[in-house]
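Let's have the full structure, built from the sequences with the hints guiding it.
Sequence order for the protein chains is A and X.
Mapping the first sequence onto my numbering, position 28 (from 1) lands on 28, and the numbers just tick up by one.
Mapping the second sequence onto my numbering, position 82 (from 1) lands on 82, and the numbers just tick up by one.
No wet-lab data here; the hints were simulated from the structure.
Below, in silico cross-link-like pairs of lysine to aspartate or glutamate (EDC-like), each with a Cα-Cα straight-line distance of 16 Å or less:
(1) Lys356/X to Asp61/A
(2) Lys58/X to Asp322/X
(3) Lys64/A to Asp255/X
(4) Lys64/A to Asp355/X
(5) Lys29/A to Glu46/A
To be clear about the criterion: a stretch of chain A counts as covered by chain X if any three or more of its residues have a C-beta under 8 Å from a C-beta of chain X, and this derived list gives those stretches:
(6) 1 to 15
(7) 19 to 32
(8) 48 to 62
(9) 66 to 72
If you only want the chain X side, here are some residues facing chain A, beta carbon under 10 Å, derived:
(10) Gly231
(11) Gln357
(12) Met372
Keep in mind it's a predicted model, so treat the numbers as computed, not measured.
Ideal Cβ positions, reconstructed from N, Cα and C, are used throughout, including at glycine.
This is what each chain is made of:
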Amino acid sequence: MAQSGKGKLNYRCPSCFMRDLDIDMFYDKDKNEYHCIRCQYVGTEEDILEKNEMVRFRYRDAMKRFTKFDFD
Amino acid sequence: MDNKFIVNIIHRPEMVPEYAEKVTGHGKEEDIGRKALLTESLDIFKTQQSIAHKNGLKTTIQMTYASLFNDEAVELAKADHEKYGDEIALSLLGLPCKEFREKYKTKDFCIWMFSMEDKKSIVDDVFGKFHDRFGFYPESTGSYYMDADLVNYIKEKYPMVKCAVATCWEEGPKAYHTCNNSWYTFMDGGPWAPWIPSKQNVHAPAANEEEDSGIVAIPHLSRDLLACYDGNGSNFGTHPQNVLRGMIYDSKTWDFPYLYNLIDQYRDLAKYNNGYAYNMMFVGPGWMNKMGRWEAPYELLLKSYEDGMAYYGQLKKEGKLDDMTMAEFADYYRQKKTFTEPECALWRDILYGSDKQLFWYCDPFMRVCANMDQGGAIVDLRPYAAKLEWPVGIGTKHITDASYPFLIQEKYRAGYFTHYAGEGTVRSAKLTYNGEEVDLCLCRTKAHFSQEGNTRILTLDPVDIEFYNLTVKLQTKMYFEEGSSAIKIERNILEMSNPDAEVEINEYMVACYGTTEYTEDMSNITLSCTDGASSKEIKYEYKCREEQMQGATEVVAVVPEIETRVSLSCEKKAAVGYIKEGYAFSPMFTLGYTTKLKDKEVFATWLNLAKAN
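This is the structure in structure tokens:
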């Protein structure tokens, strides 16, 4: 098995991102999958993109435009 | 009064951008002189400059050491200065390049981490090289952090320097963890908005002319004062690509209203600061890498910068924004700000949908955060009154740790909630009645800001405290009197369901000291209470002891390691002051007062900070 490298985009581990860790993943071209070298996450690009949508759950107001910043 | 919202846009031609060599160079032997890397870096700088100018914004060009060896970078800076009025300044970021490595024989790149000898040598080298290229010395400089010894040296040798990027707000252990424990920038505990640093400690604002370091400091970016305090700071600031890093955008439309909300909330802070508000945007070229950055392709990186700058440009066109260079801003700030005038920010959550609200206060004596989601409890406290001299860099006791120490830090020292045993740091109050106890930390509320003379007042919405057979309506008010080095906290009993009832209130502060999550040795701390005539004392030995005194005028802790004397005081003779030592599993100390309160009564206590001599 050859060494892993960087993919076409440099994806972070979605599992680590959810615990506030930015960890670059590495790409295994033989298996067409990315893997995290810190935790146990392994996934295809499609799976990463899906999980990246999931990590946004906490930003409930990310798409809202605020016009008032106090509670007066 | 017309509000003034000022922005500093800063660009640096960094010939070897942080990240770029690591990212684009993966799989290659390290070569920071690679031509492709140098060309790309300069192209990014040109792109950034062009986007700002297209939107009618002037910039401060912070030349890096590496860029001073590049004729094209120097000529670009001169041309943009002539054409757009951009300031040509000098950054102490961007040191790495072949010339630097050969001369200093190190891969260190953070100026505050070098030995003092090297700091002087590098500063002279970089300032000298700048003078050689431009024929004058810069008026502005900066890094992610500038320690006091460094600033004092620069000001002594190059007195024309008037402005510096001097800290990155709450970049500390949280940033370290986010970077897999590999990013050694520990600089928690500083101001979030421009300030005049003291000669003793850059984080602590100067209280008077004698303490004035001679520069105006600006933070590296304007950070989200709620999101940044808890999460990874690098996701929540006026840095479009940081917002992408946090994945705070729609992955299909590439929209990111959060950035505009953040800018607008900063604009809104003018109402707490005599009509003035400030923003800073400083995107290093590594964030606009052609290879993309993490999951964001180059096109998105570019779009985010264009959109962010377009928003500032639109505000300027609407007359809602003044763009200034750093040096221009320093002149404006000096003319507008007094030494003791605080910086205030009543800040709401604009991201998570929680409606949480924090109040941040910063003056030459303290930096404080009160959390309205915890009944106005103080959840962060930095005793600037100590003006702690804290040299950093190789050869000092704090090689990388430039944070200003805390007495209270709810994230690093638990705050209200602990696991089964012990206590966390917080300044709050508990009410007891017939064996039941309620902490105000569990009473969520909102606050309103007002100012009377030189006192800033935070008035919290009343909260209901429900006991089994008694309901108490209580209102908290916090008073920050300019220059007093104290916070007065009033609890007003507005109403009781049984007007004849009497409740006990326990005003308390659990504290310790430190700069990280891990406990420090508490053995040198002394606790005492006094009524003016007599006193009781506990020398800290982790023995869980307590003392109390009726009519105590003050309960005190002296923390020699951070040269801080902190106390609670009250004027009510019937109140009982107490001190509590901690133990190994709860390495804290507690200062407090208890007293009985009836309907319509008010109880006031003061939290006082001073330098321990």
